[in-house]
Structures are given as structure tokens and as C-alpha cells.
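**Student:** Protein chains in written order, with the working numbering: chain A, 1 to 380; chain B, 381 to 577; chain C, 578 to 730.
In short, the hints are calculated from the structure, not lab data. All values reported here derive from a predicted model rather than from experimental measurement. For glycine and all other residues, C-beta sits at the position ideal for the given N, C-alpha and C. Be a bit skeptical, because a hint or two may be false.
Stated by the list, open to error - Heads up, simulated DMTMM-like pairs for lysine to aspartate or glutamate below, C-alpha to C-alpha not over 20 angstroms straight-line:
1. C:716 x A:66
2. C:716 x C:665
3. C:659 x A:331
Said to hold, decoys possible - Interface residues of chain A toward chain B, partial, derived using beta-carbon atoms under 8 angstroms:
4. 59
5. 60
6. 64
7. 82
8. 149
9. 160
10. 163
11. 335
As the list claims (entries may be wrong) - With beta-carbon atoms standing in for the labels, derived distance ranges:
12. B:436 x C:724: 35 to 45 angstroms
13. A:332 x C:710: 28 to 38 angstroms
14. C:616 x A:197: 48 to 58 angstroms
15. B:530 x A:311: 46 to 56 angstroms
16. A:193 x C:721: 51 to 61 angstroms
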Amino acid sequence: MTGQAEACGVDAHLLQTGDELVVNIGPSHPSTHGVCRVIVHLDGEIVTHAEPVIGHLHRGIEKMAENRTYLQVVPLTDRLDYVGSMYANWAYCRAVERLAGIRVPERAEYIRVVMCELQRIASHMMSIGSTGADTGATSAFIYAFNQREQVVDLFEAVCGARLTYNYVRPGGVSFDLPDGWIEQCRAFTRSHPSAMVEIDKLLFGNVIARQRLKGIGVLPAEEAIARGVTGPAARGSGVDWDLRRDDSYSVYPRVDFEIPLGENGDAYDRGRVRLWECVESCRIIDQALAQIEEGPIKAEGLPRLLAPRPGEAYDHIESARGSLGVYLVSDGSVRPYRMHVRSPAFQNLSVLGYLAEGHTLSDLVVILGSLDPVFGEVDR
Amino acid sequence: MALVDDLGRALERTPGGGIILTSLDAVMDWSRGHSLWSMPMGTACCAMELIAASFARFDFDRHGTIPRADPRHADVMVVAGTITRKMAPAVKRLYEQMPDPKWVIAMGNCAVSGGIFYYDTYSVVRGVDEFLPVDVYIAGCPPRPESLQDAVLRLREKIRAESIAPGRSRPAKLVLPSPTDPRAGGVATADDGSGEG
Amino acid sequence: MRIEELREHLCSVYPDLCPLFSVEFGDGTLTVPADRLFSAAQDMRDLGFDLLGMLTAVDRGETFELVYRVRSREMSAAIFLKTEVPRDEPRIPSLVPLWPAADWQEREVYDMFGIVFEGHPDLRRILLPDDWEGYPLRKDYADERIIRRPDYI
Ligand code: SF4
Numbered sequence: 001m002t003g004q005a006e007a008c009g010v011d012a013h014l015l016q017t018g019d020e021l022v023v024n025i026g027p028s029h030p031s032t033h034g035v036c037r038v039i040v041h042l043d044g045e046i047v048t049h050a051e052p053v054i055g056h057l058h059r060g061i062e063k064m065a066e067n068r069t070y071l072q073v074v075p076l077t078d079r080l081d082y083v084g085s086m087y088a089n090w091a092y093c094r095a096v097e098r099l100a101g102i103r104v105p106e107r108a109e110y111i112r113v114v115m116c117e118l119q120r121i122a123s124h125m126m127s128i129g130s131t132g133a134d135t136g137a138t139s140a141f142i143y144a145f146n147q148r149e150q151v152v153d154l155f156e157a158v159c160g161a162r163l164t165y166n167y168v169r170p171g172g173v174s175f176d177l178p179d180g181w182i183e184q185c186r187a188f189t190r191s192h193p194s195a196m197v198e199i200d201k202l203l204f205g206n207v208i209a210r211q212r213l214k215g216i217g218v219l220p221a222e223e224a225i226a227r228g229v230t231g232p233a234a235r236g237s238g239v240d241w242d243l244r245r246d247d248s249y250s251v252y253p254r255v256d257f258e259i260p261l262g263e264n265g266d267a268y269d270r271g272r273v274r275l276w277e278c279v280e281s282c283r284i285i286d287q288a289l290a291q292i293e294e295g296p297i298k299a300e301g302l303p304r305l306l307a308p309r310p311g312e313a314y315d316h317i318e319s320a321r322g323s324l325g326v327y328l329v330s331d332g333s334v335r336p337y338r339m340h341v342r343s344p345a346f347q348n349l350s351v352l353g354y355l356a357e358g359h360t361l362s363d364l365v366v367i368l369g370s371l372d373p374v375f376g377e378v379d380r
Numbered sequence: 381m382a383l384v385d386d387l388g389r390a391l392e393r394t395p396g397g398g399i400i401l402t403s404l405d406a407v408m409d410w411s412r413g414h415s416l417w418s419m420p421m422g423t424a425c426c427a428m429e430l431i432a433a434s435f436a437r438f439d440f441d442r443h444g445t446i447p448r449a450d451p452r453h454a455d456v457m458v459v460a461g462t463i464t465r466k467m468a469p470a471v472k473r474l475y476e477q478m479p480d481p482k483w484v485i486a487m488g489n490c491a492v493s494g495g496i497f498y499y500d501t502y503s504v505v506r507g508v509d510e511f512l513p514v515d516v517y518i519a520g521c522p523p524r525p526e527s528l529q530d531a532v533l534r535l536r537e538k539i540r541a542e543s544i545a546p547g548r549s550r551p552a553k554l555v556l557p558s559p560t561d562p563r564a565g566g567v568a569t570a571d572d573g574s575g576e577g
Numbered sequence: 578m579r580i581e582e583l584r585e586h587l588c589s590v591y592p593d594l595c596p597l598f599s600v601e602f603g604d605g606t607l608t609v610p611a612d613r614l615f616s617a618a619q620d621m622r623d624l625g626f627d628l629l630g631m632l633t634a635v636d637r638g639e640t641f642e643l644v645y646r647v648r649s650r651e652m653s654a655a656i657f658l659k660t661e662v663p664r665d666e667p668r669i670p671s672l673v674p675l676w677p678a679a680d681w682q683e684r685e686v687y688d689m690f691g692i693v694f695e696g697h698p699d700l701r702r703i704l705l706p707d708d709w710e711g712y713p714l715r716k717d718y719a720d721e722r723i724i725r726r727p728d729y730i
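Assemble the whole structure, with the sequences as input and the hints as a guide.
**Tutor:** So this is what it looks like as C-alpha cells:
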């Protein structure tokens, strides 16, 4: 604790008074990135105990899925991780495909990879931007949002929606790429890496942001693994684990990409891992667009009403927040008997209390932002 | 706004107060309508579009609508997203903390009626109008940022028809309608507030 | 690692778990009785399954089925660990001492199914308000606030 106070350049005795104060943050607070409530026990300025209270956006999607056909569940999955709707679509569809034994045409797989990498960029832009906003660098938010809007435009051209795409369907995707889309996308992937370098300088090179982010919320690698943290939050701690490579799915084995890793596991590294992942995503998109060939975008002979054999399936993908899995149980009818979403944001958020301990109250906000929770997915 | 409210009451008592009041109304409504600071009550997916609306591309600020996260500074609450039973008391409380006069925009199907979460779920409130008086509804899942801007312009039109005469303040509905029929309490329409007084 | 290799490896290290291992729908599954769950999970962890991926329950009528998905980064393999608890007395040892990752997920299962995890450090509702009645993901959950979706939509 004292070390933390010294890092802030303040005498420890000024920060700590010895009296306990309980502060309630949220559930509607601009810096909780959604509807999260945190009960913070403070000793002066230092957090002694922080407990996130979640569930303010619990909409019962798992229960709703039990009364819908397999296709009708897809729009519900959009609303889970609303910053990255494509992921939940895809994870769900993979589980259905595994359950029903559907083979997806190659073109559809490529399109899915391209879409999900674009989605990774869109989602990380939101996260990096809000890291900027949390540390007082709102201009970084505006730069990042500009990039996000460009991706959203690409999505809109493909499926007509800006946020809830409902694009990946069991057996394929809903629409083919429109004319000229590939060029538009290439133009974006050409310009995006330089924008990332710019944001890197603007935000992570900024002395204020460095001081606000470095050494804040250090998550050791072993803790990350034991507590089930995945995605950029774990990779910031140097956990070399990415489902795209380590449990490779779809056409990822055919593209060449690297996995950025952090060293210190602090908020700074988590943010930068996200930033460089975006650059890698551009590389993946370029390669996928070069390899993509004409062909069908939907599996042939798919019945309108899927009724997979009784059984169960679990499949997962690497979303912008970590490994997102969907567990499906079928009883042979047209509706899932049970659907469960293994949500990376939920799991990542569970370390908030552990990370915040010993930091100042203002750092709590930064730590929460660096875990990048999306409450649609946390609460489901 | 206490001063203005008293002014309206005092002028009504003076003979011929009506004429002065209409001119005053025009000034007040004009000034209120052109700087509607919004309290973004973004809970779910629609909040993304709410954020997008205030950034470079859509530039909400040009309408004088600046997002203020503090209810005490806000004129209009934009409820963007699903409201669950766990969240509803917090929303109501924030609404009550806003100073009069205040308005509510329900953005997105969830805030309008529960939207996609109308059926089969146990935890979602089917529309914020179950406990707040809503002025403008925006349909869409999510609505585009342009729709939100349109809603603000409509709200401005609505404000133009308001008067500073007494009886304008509209309390939040305190009683939730019976759970079996969510519509039993009646939908709060645009005119509800002035009638209740 | 392929499932066959995994089975051989498992059988050579823990012969007593071998008969419980089966392959269902392409996934290795270890089905254990409830009283052996903790020791089996411990064995799995010692074998190298360091990540607890998913933890959930399924309402099977008379019983609740608990499903754990554990993964080994080193072996690049994942298996299901399953057990059943009776509906009228749903109790199961908590796996938090083995994988802290189980903490919130067990709370969620408790919240949704009412399964009590013995030894959990802080078993409370997590998603629903504390005063909520009933366990929504049970198939027999009745709540007059739910409006069933008509079949024609
Ligand atoms: S209306 Fe649609 S987009 Fe908006 S919060 Fe509801 S589900 Fe999300």
C-alpha cells in the first residue's frame, strides 16, 4: 500500500486515515462502462476491499433460448456482447453446427473470420477509447471512435445493421459480400495500422496516461490462469494463450499472425496488447481476403427448422474479451433444451476485487476499464 | 426553477396575466428547448448508439444537447437500453433527482416496450413507461443515431407547447402496475403529465 | 492431444478413474458420482488441467447434472467433468479451492438452480437481487410475470 502511495507522489499517511469508509459506485456511473455497481471499502484514499455487484442487466437470455427455435436464438446472442455481436453469433452457430453435424462452406468460414477480426478492431477501439476517457485523454476516444465508425460502415454495407448484426447463421452467413466491399475493406486495413501507431503515441505515449496506467492493477500470470481470466486481460500478463492459435478453429490455421503479449500485467500492458491485436487483425483480414474464393455461403440442404439429435455440444472462439463458449443441450426437439454462455467478461470481471485492493479510488476506474467488461455479456 | 414557477403563479393572479404569461412562455420554452442537456441512462446495446451520436460523425452537440452524467445538471433523461427489475429502482431514483422541468426519451425497443425481451423472460421491465412518464419514444433495435437526433427535435416541438403555469411538475409514477398485466397501469402518453398536475 | 492418447494417459496415471471416462459426441467426458467429484477434479488438476473453462448445470428432471469443462494448456486438450445431484437435496462440494475461477460461476449456478456448493467462501445470489424467490433456470420455475411467447411468432 505504501508503495502505491509513493508511486502517486503522496505521503502514505495522507492517503490512509485508518477509518473505514464505504462508498457505493453505480449502478449508473459514467466510468463503470455500463451498469456495474461496486461497493468500495476505503481507508482514506486507498481501497481495502472492492466488491462488484452485477446483474443489473441480467435479461434471462438463457431461459428465453429454451422457448425459441435454434434460428430464433441467433438474434438473442447479438445482445449478449453488444460491442462485439459477431462473436456470440459465431460461437453459438459453431455449437449448433457441432450439434447438428453441419459442414460450413469455405467461403462462409473466410467471411466469418474477416467479420470477426473487423469486430475485434471495433471492440478494441471502444475499449482503448474509454481507457483514454478514464484517464482524462478524451481526444484518444475521438480518434478511436473514428476508426470504429469506419468498421461499423463496413458491417452496415454487408448486413444492414450497425450494432446487432444477426449475420452469422447456423450453416453459414446470411448475406454474401456486396460488390466493391473487398476493396473498401482493403482500404481500411491499409489505413488502420498507421492510425494505431498514432493512437499509441497519443495515448500510451502520453506522460499522464503512462502515470495513470503503469503499475496499476497488476495481475500475475499464475493468478490470471487460476482465476480463469482469458483474452487480452490475460495476455497483458504474458499468458501466451489464444484460442485462434492454441485450439485453432475455422480457417485460422491457414493465416499467419502473431499474438502480442504484455510483460507486467498492468493496465498499460492490457491496453497496448489490445492496440497491437488490432494491427494483427488487419494482417489476418488481408490474408483472408486474398485467399477467399467464390462459392456458396450457406450449407446446402439445411432444413428450415433445425432439430439436432439429442446430445450436447460445447464450442468456443476467441472473442475480443477472451474465450467465449456456448454450451448447448438438445433433447431432439426444435428448441434447445439448455443453452449456457461461458462469458469471458464475467470471468474477467471477477478479478476486479483482487486487483483493486491497495490502489486508490481513482485507479479502480482505470482497472475496471482495463478489464473491458461488457455488461450484456457479464449479466446475460 | 423555483423562481420561475413562482413567477408563473404570481402573474396568473394579476389581471391580464395571461398575455404576459404567453410571451414569457415563449421565451422560456425557447431557452429550454435549445439547450437540452441529456442524462445518458445507457444500460445496454442502445448505449453504444447513444455514444456514437455524440461523437464526431453525428455530432449531437450542435443541437445544444450535451451529455451530462449528473442527474442534477440534466433536463432530459435518455433511457437507452433494457431496464431490468434490479435496475429499475436506480433509474427511478435518478429521474427523481433531476430538477424540474424534466423530460424522458425512451430510446430503443427495450425502453419502449421490452422489445426482444418482452416474452419468456423473468427479469425485464417491459418498457420504462411502467414507472416514468415518457415524452418521446424511439423505435428500433437499436435506433440509428439520426433517430435520436430526430427525437430531440420532436421534444423541442413539444416543449414549445408547454407553459410555465403551475402544475407542470410531473412526479414519477410510484406504483408499478400489477405484474400479471404490465399494461394495466396504462401507457404514459405525452399528455399524461399535464393532466395529473 | 487426441482423445485416445488422453484416455491412455489418464488410465496410466489414475487407473481408478479409467472406467468413468467415455467419449461422447467427440468430447472426452469423465462422469463421476457426486461424492467423488472433488477428488476426481483434484486428480484432473494434478494431471495438468489448469484452466476451468465453464461450469454450469442442466435440469434433468429428477436430478441436476453439473457440467465442468476443464482444459489443459500443456496437453492442448479439454474434457467434460460431469456429476449428478438429486433435485430435492442439491449439494455438491465447491471447487473454489482447486480453481478460484469457479467462484463466480458457482454463485451463478446457485442463483439460477439453487444448487448449494459446500465450502464456497461466499455463496450468495449474484445476478438476481438478493430477495428474489425461486430459481429461474429450473424447468419448473413458475413466475406469473413471464409472458410465454405464442407459437405463431
Ligand atoms: S432495443 Fe435492442 S439494441 Fe436497444 S437495448 Fe434493447 S436489445 Fe439492445
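**Student:** What hints, given by number in increasing order, does this structure fail?
**Tutor:** Violated hints: 9, 11; rest satisfied.
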